[in-house]
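There are 2 protein chains.
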Amino acid sequence: MRQVAIGIDVGGTNTAIGVVDHEGNILYEKKPQMATPQKRENPTMTGAVSEELIEKYIANLSSEIKTAIETVQQINPEIEVVGIGIGAPNGNYYTGNIENAANLPFVGAVAFADLIQANFPAIKHIKLTNDANAAALGEMIYGGGKGMKNFLMITLGTGLGSGLIVDGDLVYGADGFAGEVGHTTLIPNGRLCGCGGYGHLEAYCSATGIKRTVYELLTQYNATESELAKVPYSDMTAKIVYDAAENGDPIAKEVFQNTGELLGRSLADAVHYLSPEAIFLFGGAAAAGEYIFKPTKESMERHLLPVFRNKVKILPSKLKEGSVAIIGASALVWKEMEKAK
Amino acid sequence: MRQVAIGIDVGGTNTAIGVVDHEGNILYEKKPQMATPQKRENPTMTGAVSEELIEKYIANLSSEIKTAIETVQQINPEIEVVGIGIGAPNGNYYTGNIENAANLPFVGAVAFADLIQANFPAIKHIKLTNDANAAALGEMIYGGGKGMKNFLMITLGTGLGSGLIVDGDLVYGADGFAGEVGHTTLIPNGRLCGCGGYGHLEAYCSATGIKRTVYELLTQYNATESELAKVPYSDMTAKIVYDAAENGDPIAKEVFQNTGELLGRSLADAVHYLSPEAIFLFGGAAAAGEYIFKPTKESMERHLLPVFRNKVKILPSKLKEGSVAIIGASALVWKEMEKAK
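Protein chains in written order, with this note's numbering: chain A, 41 to 381; chain B, 41 to 381.
Looking at chain A on its own, in the form it has when it is part of the complex (with noise of 0.2 Å):
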């Protein structure tokens, strides 16, 4: 028999399902990806209107795993599912409940775990965590992180997520919910941050956070001359900022030097409490290469103690920028196959 687990992940507006192996080769995934019950379509939620968009939506994804399992399974009769990994925000791990996801139309906690194990009684391992610690886990059994026993997954894209693997597997915390560095304090009172605190490291170091750097050194510069003053606020992108640093643009580099900095410090902060053998960065704004590397690595090292200097390594993450989602949630299966020896 060949193993294979499935990934699936709730995405905001789509949900993601695919057929991953052991080696992280996707066998299977479904295109275009299937809709998330939207909360903009669903205003006055109730808890009876809550559940029968659940009722409908977990009918739905448990006809496409059946769908993906069918057609690995016509390919190659030999194959055998031994899990579903499921990554979703405010995903508990315990529990396997979604919990008041502010992005989800649901009231609520939501056994999510549960309904679908209810249409698969014959797998063994169906686990749930939020996006960013499967994109950890994803890292250690395919990834960059293979072999590594404590590293730190950050993730930079709309937001700022991470999966903090301590001693070989995922910090949960007491109640499945850790790992939130985006919203450890960065700047006392600074930037409001998109969950209502203020100064988080997700309100700076981010796709969004980059952005709202350009137009802060737009400002203290009034830097009409800069290619970014060309580009409205709701356009800007970090691929825009990187492309402007690439034609030499002195904001555009302002911006990922200053970004740098401050996820630096912030990086040290997350080795004082973890001292972690390396941290991956992945998604957009780590696509930037050496201009948030660079920056990010002095930082780190000239803001921490001298026990923990030159021991931490500033990765780029290996999974691929398209797949992590699945990939993430099909390496939650075989941890749970790993613990259960």
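A hint or two may mislead.
One copy or any two copies: either way a pair holds, since identical chains are not told apart in the list.
What the hints assert, rightly or not - Calculated pairs, DSBU-like style, for lysine-lysine (alpha carbon to alpha carbon, straight line, at most 30 Å): (1) K360 with K106; (2) K106 with K270; (3) K79 with K351; (4) K186 with K381; (5) K358 with K337.
Note that these hints are calculated values from the structure, not bench results.
Since chain A is already given, all that's left is putting chain B on it; use the hints.
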């Protein structure tokens, strides 16, 4: 047989030695404590002098350990010594070395656990870590952390030490030195920390930090009428500030309020990392009770993401001030026995 553990604490001035049973009762304690070799007496430290000092120190310490064992066995011949736990600055759990400890007159890394082991070949578990980590284990084995799998220990002494318990064991990290929360950045470009860094938690939330805040506030308000204004800088202690607060001194109260505000923000960061069940505060500053616990708790809650609110307890340590060094170190032994099972 009645099993006991030896606890040793290598302090900057003295070395404490005791024998502890599984319930945390100290059966024997060397009094007065033996002296730790002093840096100031060895100003021109070389490798050769350092080796000589260590050799003599290990010989004396081993002789004191023998005395301790003989003493408890004379009282009860059934006693079996199952291990020696050592708390030491820059103590590396993995290697058993004391590495580049700033306050000890030793050059480079000293293979401390191995040197002790050579004198006690029959004792199976000889382990070493730093004092705050040892205190966290003490809290878990004997104190308020019994039965908890995820909690943090914060020791508020001259500095701020920390030990992080994740999934039932201490976080040691990749290199054995994890858990230096005192040196995370609280105020960017803030107060000079003892380590040479700026704005670290330890520079604000420790006995020393409290003292500095006293004079910051006296200066701010030119508060000549405060009873704290009568105390020279070099004589100020957390106890004096506590007594002044008890007398209704508004500066003293504001000192604790500000300290708790800052500590609470930092603990919120810690919760975002590790989501512990509880955070234990230990030491002189923690003895200020509600003056420090109330603002700390309020500030922590205010800085938490909704998902973490009203979940994490801030508790006074159940370990006794005078015995924590020996008790904590001895806890290492029981933890090793648990792991060996």
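Tested hints:
1. K360 with K106: within (26 Å within a copy, 59 Å between copies)
2. K106 with K270: neither (49 Å within a copy, 78 Å between copies)
3. K79 with K351: between (45 Å within a copy, 28 Å between copies)
4. K186 with K381: This pair counts as both: shortest intra-copy Cα distance 19 Å, inter-copy 28 Å.
5. K358 with K337: This pair counts as within: shortest intra-copy Cα distance 18 Å, inter-copy 40 Å.
Consistency with the previously given hints fails for number 2 only.
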